[in-house]
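Peer 1: In this text, residue positions in the sequence shown follow our numbering: the first is 4, and each later residue adds one.
Everything labelled a hint here was simulated from the structure, so no lab data went into it. Among the clues, some could well be false.
Cross-link-like lysine-lysine pairs, in silico, DSS-like; alpha carbons within 25 angstroms at most [stated by the list, open to error]:
| id | residue 1 | residue 2 |
| --- | --- | --- |
| 1 | Lys38 | Lys59 |
| 2 | Lys87 | Lys124 |
| 3 | Lys59 | Lys128 |
| 4 | Lys113 | Lys124 |
| 5 | Lys113 | Lys38 |
| 6 | Lys87 | Lys59 |
| 7 | Lys38 | Lys128 |
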Amino acid sequence: MDNAVDGLSVITSNGQADSVSGALYRKDLLASMSKPIVTDPELSSLIDDLYRDGAKIGSGSTADAVRYEMRTGEMVGGRSHSQKAQDYIRALQRWGNENDGNPNVSSIDKDYARKVIEDMKNALKGD
4 MDNAVDGLSV
14 ITSNGQADSV
24 SGALYRKDLL
34 ASMSKPIVTD
44 PELSSLIDDL
54 YRDGAKIGSG
64 STADAVRYEM
74 RTGEMVGGRS
84 HSQKAQDYIR
94 ALQRWGNEND
104 GNPNVSSIDK
114 DYARKVIEDM
124 KNALKGD
């Protein structure tokens with residue numbers, strides 16, 4: 004195996020950590036992430052709003068729509084998705100804050116929420 008992901012670093016075949024490559028690799032992984040399956044009903048509703056089944060752009064995520072719009076200057080589905088991404092970043096952060104320390108919400112759900120937030124932030128920055 005040439006590379007192994009270790010946090011935000013990539014450990015190369017010669018054993019050296021490369022954090023720049025690791026960060027880029029992480030962004031690529033997030034950008035190609037399919038719709039997460041979560042168990043919390045409120046989070047599931049938010050995620051459902053952010054992904055479109057059968058979409059023609061990327062995975063159908065709002066983040067992919069933002070990336071496409073920024074790259075081409077064309078709207079997806081006749082509307083801009085940047086404001087939607089900003090609104091849902093806040094909604095997911097609020098959900099995370101409200102459920103911080105809640106033992107009834109799985110750590111996997113919380114992790115997926117963080118990843119979706121990070122992907123949308125990357126998309127809004129043009130990454």
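Peer 1: Hint by hint, note whether the structure agrees.
Peer 2: Verification of the hints:
1. Lys38 x Lys59: This hinted pair holds, its Cα atoms lying about 14 angstroms apart.
2. Lys87 x Lys124: Satisfied, since the Cα-Cα distance of roughly 12 angstroms is no more than 25 angstroms.
3. Lys59 x Lys128: holds (22 angstroms)
4. Lys113 x Lys124: holds (17 angstroms)
5. Lys113 x Lys38: holds (14 angstroms)
6. Lys87 x Lys59: The given pair, whose Cα atoms are some 18 angstroms apart, holds under the 25 angstroms limit.
7. Lys38 x Lys128: holds (21 angstroms)
The structure agrees with every numbered hint stated previously.
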